[in-house]
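Number of protein chains: 2
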Amino acid sequence: MSARFERVALIGIGLIGSSLARVIRRKELADHIAIATASSETLEHAHQLDLGDSYTTSNAEAVRGADLVIVAVPVGASGAVARDIAHDLSDGAIVTDVGSTKTSVIEQMRPYLPASVHFVPGHPIAGTEQSGPEAGFAELFEHRWCILTPLPGTDEAAVERLTHFWEACGSTVERMEHTHHDKVLAIVSHLPHIIAYNIVGTADDVETVTQSEVIKYSASGFRDFTRLAASDPTMWRDVCLHNSDAILEMLARFSEDLAALQKAIRWHDGDALFDLFSRTRAVRRSIIEAGQEVDAPDFGRHGRHPE
Amino acid sequence: MSARFERVALIGIGLIGSSLARVIRRKELADHIAIATASSETLEHAHQLDLGDSYTTSNAEAVRGADLVIVAVPVGASGAVARDIAHDLSDGAIVTDVGSTKTSVIEQMRPYLPASVHFVPGHPIAGTEQSGPEAGFAELFEHRWCILTPLPGTDEAAVERLTHFWEACGSTVERMEHTHHDKVLAIVSHLPHIIAYNIVGTADDVETVTQSEVIKYSASGFRDFTRLAASDPTMWRDVCLHNSDAILEMLARFSEDLAALQKAIRWHDGDALFDLFSRTRAVRRSIIEAGQEVDAPDFGRHGRHPE
Numbered sequence: 001m002s003a004r005f006e007r008v009a010l011i012g013i014g015l016i017g018s019s020l021a022r023v024i025r026r027k028e029l030a031d032h033i034a035i036a037t038a039s040s041e042t043l044e045h046a047h048q049l050d051l052g053d054s055y056t057t058s059n060a061e062a063v064r065g066a067d068l069v070i071v072a073v074p075v076g077a078s079g080a081v082a083r084d085i086a087h088d089l090s091d092g093a094i095v096t097d098v099g100s101t102k103t104s105v106i107e108q109m110r111p112y113l114p115a116s117v118h119f120v121p122g123h124p125i126a127g128t129e130q131s132g133p134e135a136g137f138a139e140l141f142e143h144r145w146c147i148l149t150p151l152p153g154t155d156e157a158a159v160e161r162l163t164h165f166w167e168a169c170g171s172t173v174e175r176m177e178h179t180h181h182d183k184v185l186a187i188v189s190h191l192p193h194i195i196a197y198n199i200v201g202t203a204d205d206v207e208t209v210t211q212s213e214v215i216k217y218s219a220s221g222f223r224d225f226t227r228l229a230a231s232d233p234t235m236w237r238d239v240c241l242h243n244s245d246a247i248l249e250m251l252a253r254f255s256e257d258l259a260a261l262q263k264a265i266r267w268h269d270g271d272a273l274f275d276l277f278s279r280t281r282a283v284r285r286s287i288i289e290a291g292q293e294v295d296a297p298d299f300g301r302h303g304r305h306p307e
Numbered sequence: 001m002s003a004r005f006e007r008v009a010l011i012g013i014g015l016i017g018s019s020l021a022r023v024i025r026r027k028e029l030a031d032h033i034a035i036a037t038a039s040s041e042t043l044e045h046a047h048q049l050d051l052g053d054s055y056t057t058s059n060a061e062a063v064r065g066a067d068l069v070i071v072a073v074p075v076g077a078s079g080a081v082a083r084d085i086a087h088d089l090s091d092g093a094i095v096t097d098v099g100s101t102k103t104s105v106i107e108q109m110r111p112y113l114p115a116s117v118h119f120v121p122g123h124p125i126a127g128t129e130q131s132g133p134e135a136g137f138a139e140l141f142e143h144r145w146c147i148l149t150p151l152p153g154t155d156e157a158a159v160e161r162l163t164h165f166w167e168a169c170g171s172t173v174e175r176m177e178h179t180h181h182d183k184v185l186a187i188v189s190h191l192p193h194i195i196a197y198n199i200v201g202t203a204d205d206v207e208t209v210t211q212s213e214v215i216k217y218s219a220s221g222f223r224d225f226t227r228l229a230a231s232d233p234t235m236w237r238d239v240c241l242h243n244s245d246a247i248l249e250m251l252a253r254f255s256e257d258l259a260a261l262q263k264a265i266r267w268h269d270g271d272a273l274f275d276l277f278s279r280t281r282a283v284r285r286s287i288i289e290a291g292q293e294v295d296a297p298d299f300g301r302h303g304r305h306p307e
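Protein sequence lines correspond, in order, to chains A and B. Heads up: the first sequence begins at 1 in UniProt numbering, then just goes up one per residue. Heads up: the second sequence begins at 1 in UniProt numbering, then just goes up one per residue.
Excised from the complex, chain A in its bound form (with noise of 0.2 Å):
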């Protein structure tokens, strides 16, 4: 089964859609890759960038003809253009996302699309905190995990072909069931953004420490958050607003062990402290032992440092 398309449609241009665009591109999966955003401003930079074949502001435009459309909009705009696009796929087509969320994708999207097609949820578990045209690379998917998350019934050479898809784009592909990738996305993805935004706002606010200060002095430990805290905000307003469920009960899970330690601190229970950050030590060396963190102390920035 081959993992080419002739037409890809890419719907969104920024860091996903533009790195899917350029590792389409090298590994020649597409013989025209058709892009489209909202914004014309965008769009051209997309041009600029030579990231495509074609370029248009109409989504409907660069779906038709399209074999492969790719959705990469931040999640709260899924059913905007699953509304665009309905009357412009071709019959056989694969449809699929990048959403972060996918059970509200799929109720935003799935109304719209006719029986005709193949839609095929999914999930590159890959990002960095940058966004636009600009930052994409080919090699983000690269050893990174892509979720899939196919509703029962959906036509199993489709979901094959999209998985072919993304492991040509260098990724491995799991299954997994809409609500459950929601609880795991929650407890490994929108809880530690969340925080971080958190952190990095509380600190923002202390009025006995300066900005400069805490500028200064953020090796100690404080920017390790910024860098979460600094991901595209439109994205990550969607995503709690569409897995609203699944992270207020993280978060009160979150929370209510914050109470406890805060009450370990106030009391001075020394052995309480110690027992909790002796077990998450335990965590990280699992992750670096599952290949999904690198080796090396402070995440090896230390060597490459600016002056």
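These are computed hints drawn from the structure, not numbers from a lab. Every residue, glycine too, gets a C-beta built ideally from N, C-alpha and C. Treat the hints with care, since some could be wrong.
Computed from the model, here is a short list of chain B residues facing chain A with C-beta under 8 Å [unchecked claim]:
hint, residue
1, S2
2, R4
3, L113
4, S116
5, V117
6, V159
7, Y197
8, D224
9, W236
10, S255
11, S286
On the provided structure of chain A, position chain B as indicated by the hints.
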């Protein structure tokens, strides 16, 4: 004024102590490096690594004849070390430390130290998540801040000599009042570590998501926290116990902010979420511009990711 000493006594030979031993030897900052640590196993390890010129489990023995004594132990052990060495310190010796809390270290050590020595509390803002004598490296302090918190009336020549020493190690020295230091560090270092420990603990406990899923998909955000949460448990237990007032104040602010964020998620207040997520992005930009962080996306670790 020379940064060179005749005999430097290092009390404690973990990440910081062993990094100091290495840079002192490389830069020829002492004629003799005397190493003391309570654990005979760690001492033997330091000996095998050839980190010093003499080795002892007696703190008192190490400081005899030393013109610079650097206490590099978890902050909770500072008082006991001061008591150990009090009667064996040479007149005119400089006694400093590297602890992450300063008020507590001063309260613990000062009552024991004779008036004939110069006590200059210090804190190099440097470290990694690793610990033990094998984790140290001579470059640890390069391009890093070192904060000194001398008490009023301290001999200026002693403070300047210690300043030259840290500069020779590659650091830039700042002076600060000890109570202010503890507030600054509470927000830039202590709160981030506590939050990181907490979220890793929370993720470890979620029963609807398997531990292997947390590990597998950790690159989507979670793994950034695991670095801080892999830090030395004894050191961080002591920091929590010895800077508890400032930490509890920062925890309270963090929790208030998190409650407001949680409410915005529950009530689908997209504008409030977007505002916070936009504001925090600027903070990272400032840190990069201040030369305190690498500019490469994903901490620059993508290129060196394990296969």
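Here is how each hint holds up against the structure:
Below 8 Å, beta-carbon pairs count as interface contacts, and S2/B has none with chain A, the closest being about 25 Å; its hint is therefore violated. Here the hint on R4/B is broken, as its CB sits about 25 Å from the closest CB of chain A, past 8 Å. A hinted interface residue such as L113/B counts as satisfied when its beta carbon comes closer than 8 Å to some beta carbon of chain A; here the least separation is about 25 Å, so the hint is violated. Evaluation of the S116/B hint against chain A yields a violated restraint, the C-beta minimum of about 33 Å exceeding 8 Å.
With a cut of 8 Å, the hint placing V117/B at the interface with chain A is violated, because the nearest CB-to-CB distance is about 28 Å. Among the interface hints, the one on V159/B is violated; its C-beta lies about 20 Å from the nearest C-beta in chain A, farther than the 8 Å criterion. About 5 Å separates the beta-carbon of Y197/B from the nearest beta-carbon of chain A, less than 8 Å, and the hint is met. At a threshold of 8 Å, the smallest CB-CB gap from D224/B to chain A is about 6 Å, leaving the interface hint in force.
About 5 Å separates the beta-carbon of W236/B from the nearest beta-carbon of chain A, less than 8 Å, and the hint is met. This hint holds: S255/B has a C-beta 7 Å from the nearest C-beta of chain A, less than the 8 Å allowed. With a least beta-carbon distance of about 5 Å to chain A, the hint placing S286/B at the interface is held under the 8 Å criterion.
Of the numbered hints stated above, those contradicted by the structure are hints 1, 2, 3, 4, 5 and 6, listed in ascending order.
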